[in-house]
Amino acid sequence: MSDKNRIFHVILALVLILGSIFNAIPAAAKVGSSGDVIYDGNGSTGGSVPIDSNTYALGATATVLGNTGNLTQTGYTFAGWNTAANGSGTSYAAGAPLTMGAANVTLYAQWTVAYTVSVSANPPAGGTVSGGGTYPLGATVTVTASVYSGYNFINWTENAAQISTSAAFTFPMGEVDRTLVANFAAIPTYNVTYDGNGSTGGSVPIDSNSYAQGATAIVLGNIGNLSLTKNGYTFTGWNTAADGSGTSYAAGATLTMGVANVTLYAQWTANPPVTYTVSVSANPQAGGMVSGGGTYAEGASVTVTATPNSGYTFINWTEGGIQASTSATYTFPMGTADRTLVAGFAASPPPPSGGGGGGYAPSPISATVTGSVIDSTTGAKISNIPATVTADSHGSDTISMNAAKALLVKQSGGNPSPLSDLSQVAIAGAAGTPVIVSADGTIQVAGLAKGTDNKFDITYDLGNSQKITLGTMEVKIDSSGNATLTTTLIDPYGLVTDEATGKPVAGANITLYYADTERNRAAGKTPDTVAALPIITGFKPDNNQNPQVSDTAGAYSFLAFPNSDYYIVATKVGYEQYTSPTISVEQEIVHWDFKMSPTISGVTRLAGQSRVDTALAIAQAEYTGKIANVILATAGNYPDALTGSVLAYQLQAPILLVGSSDADQEKVLAYMKDNMNPSGTVYILGGTGVVSSAMEAKVTADGFPKITRLGGADRYETSVKIAGQLGVGSGTPIVLVNGENYPDALSISSIAAQMQLPILLVQKDGISDSVSQEIASIKPSKVYIIGGEGAISATVESQVAQLTGLDQGNIMRIGGADRYATSLAVAQYFNLSGQNVCVATGDNFPDALAGSVYAANHNAPIILADDSLSDQVMNYLKGKNLTGATIFGGEAVVSKDIEQQLQQLIGQ
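1 is the number of the first residue of the sequence shown in UniProt numbering; add one for each residue after it.
Source of the hints: derived by calculation from the structure; they are not laboratory data.
If you're wondering where the values come from, they're calculated on a predicted model, not measured in any experiment.
Be aware that a few hints might be false.
Said to hold, decoys possible - 30 Å max Cα-Cα, derived BS3-like pairs, lysine-lysine:
1) LYS503 with LYS706
2) LYS540 with LYS572
3) LYS764 with LYS721
4) LYS572 with LYS878
5) LYS525 with LYS540
6) LYS525 with LYS595
7) LYS476 with LYS381
8) LYS673 with LYS503
9) LYS503 with LYS595
10) LYS721 with LYS698
11) LYS467 with LYS405
12) LYS467 with LYS525
Said to hold, decoys possible - Label pairs and their computed distance ranges (CB to CB):
13) THR370 with ASP440: 19 to 25 Å
14) GLY809 with THR469: 38 to 44 Å
15) ASN384 with THR469: 21 to 27 Å
16) THR484 with ASP440: 23 to 29 Å
17) THR469 with GLY335: 20 to 26 Å
We treat Cβ as the ideally placed atom computed from N, Cα and C, and that holds for glycine.
Generate the whole structure from the sequences, applying the supplied hints.
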């Protein structure tokens, strides 16, 4: 074997020997070997040890885990980890690094004695406490007491001994458990109660609130169906003393609470004795003497006596042209209304001629005159009235005419015709001058003295002792005895026309409803029910039926009971539903003309280069004929104009925005000159600080002299001025919106306009004096608060309840998470029946403001939009089966994406 081979074999043998030696070494001793970190509960009684699933090489760094398994040991607190169970090894806290050696490492939980801090509140209703728990010796402990509304914190006590008067009490943990009590005391509160002070009916208002010292209470009004009454007295307010010697308070006033309960006593002023007047007169005056007139209490016995003069004979006593008695001495009990009685006398016929010097009475002198029937609206003469005037020997005139010529009724689309049924017709003069309508239709007015102007009401008896005035008659007798006769054309018809073309709308279904007003409810008329009307045969077009259908001339007619409030709803295929404002009928007949808007089809965008131009585009789209009124509001800011939609709808007037530049103002003036009747009225919303006196002067100079400015000291008072212009009845529901921002008011604008609900501005946390007074004056039956508590707080809601006496069921809050959600919530709540929607940006006010009347006319809500319509809005609109939509503003404010969403909904 060569030397090389021997060397090779020696090396090989060495390698084999070393390999066997290395394999015999334990794995834990090998360089680069691995190990585990193990955690031990070390006597724990609950929880679980953390588990480190990693394996670490020699020299590697492990991160110590925390007490992630919530290990516990009764009576102890976890204090970290140690490599020895008795804590004599190396201690580690959670997150500390641990360098790995050549073996597994076990970390043992370390425990220190724990002490308990228990905390409680006394009484529990006084507040909450925190800071209780287990703490090691020497730990810093802080316990905190937080009071509930209506309570004060007093102190912390331990074993009934005070240890701190600080709500946040800090101390080091000692070697004993501690039981601490936070003590609270209720803040003293006082009540305001109301005393009827001798009332004989109704009930006192109830203030269910309690007030701390210095708090402000709103004094309640004596309102509602159960308002206090006292026979023979009138309620005048409240006073802290029954005899009125204390402090007086009116409804809505503020009362600062002291340190005792307050009782407010009703104050009463005695009514003057209730008396009624009996007026008596002779007709003609030369016919005789009358007596017995005067003032009488209810139930008193009244006797009136007529004594004819020589040459005259007593005929009868009449009242309102109706015979009351044929006895010259007429006795009756005094009722509850004044009476005007006329003693009628007639000249005695002359004695037969012949035989010894008898006297001679001349025959009455007769003449023929021609009177006129005139249209009271236009002043135009309609027809002639042939009449005969007879002068008697005493200088008085009697005029006779045929009712068929004097009492004419306007016919829709045709010539006037005589009033067919005279059985329910009466003609009465203000002074009780008797007017006799005979069976053959002859009207005779007697006792007309020279130099007098005699006016008469032509009334129709609807039954139930209720009469409505149809028209008037006037007879003038000059100093020479010449007579002039006029009657007014009886016009009971309302006309329904197309908003776009001005042509009559035939076949509209028209229903008359009772409005929700205080006087209707007091009279037992249920709001929002179909009004009961008497059937009048021959009264065109539909015998006074309710509902009825407009005829070919677009005419309809309701002869409704007086002293009541109504509203009209009209529907027809192809038109939006029309709902009128409240129509108040007093003693005279009311005919109500209105326009119906054709249904919107497809998506329409109404926009201009600026907000001023957009408002003009909306006006031009909605009003095609001559308009009677316009409303001007500033284009620069929103508060004064926010509440104007309701007035605009009532007046059927566009809202035009006035800019600050001459060019913008000229655009508005040009529109008015082209579209407005010069005899109409221009309403300006706000003071001269928003729409200048210079602009007002331009309006006058351009031929529009009738200007009404509705402005107050601030935005809140302006909203009151606008509400006052509406003339709503007592009990009308109202809407409250935040006056510091615009979106919520815009969301409700079209709905409030159609329902004729006044919109009043309030602050987030309060109601101004002027608005409070207006609320108290209206006495609303319901209040709608628009927006969440971030817009109008619960404090305002409480003030509303105090001002109105309404329960929570009649104070409705409608709001959402933001302005967009609120506009959807409003639309969903009222859910107008139309199949249209109007969309405007929620980021600014002008476009939606100008479009509010357009939306109301088309029975559509206004949805405020951001970049696109939300899923919630889309789902709502899908349920309405839209046929049309209108966008207010250009693509810069309402995007093309929204337009496409609407087109998809409609199916364009």
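Here is how each hint holds up against the structure:
no.	hint	verdict
1	LYS503 with LYS706	holds, 28 Å
2	LYS540 with LYS572	holds, 20 Å
3	LYS764 with LYS721	holds, 21 Å
4	LYS572 with LYS878	holds, 23 Å
5	LYS525 with LYS540	holds, 26 Å
6	LYS525 with LYS595	holds, 28 Å
7	LYS476 with LYS381	holds, 17 Å
8	LYS673 with LYS503	holds, 23 Å
9	LYS503 with LYS595	holds, 10 Å
10	LYS721 with LYS698	holds, 24 Å
11	LYS467 with LYS405	holds, 23 Å
12	LYS467 with LYS525	holds, 18 Å
13	THR370 with ASP440: 19 to 25 Å	holds, 21 Å
14	GLY809 with THR469: 38 to 44 Å	holds, 40 Å
15	ASN384 with THR469: 21 to 27 Å	holds, 24 Å
16	THR484 with ASP440: 23 to 29 Å	holds, 25 Å
17	THR469 with GLY335: 20 to 26 Å	holds, 22 Å
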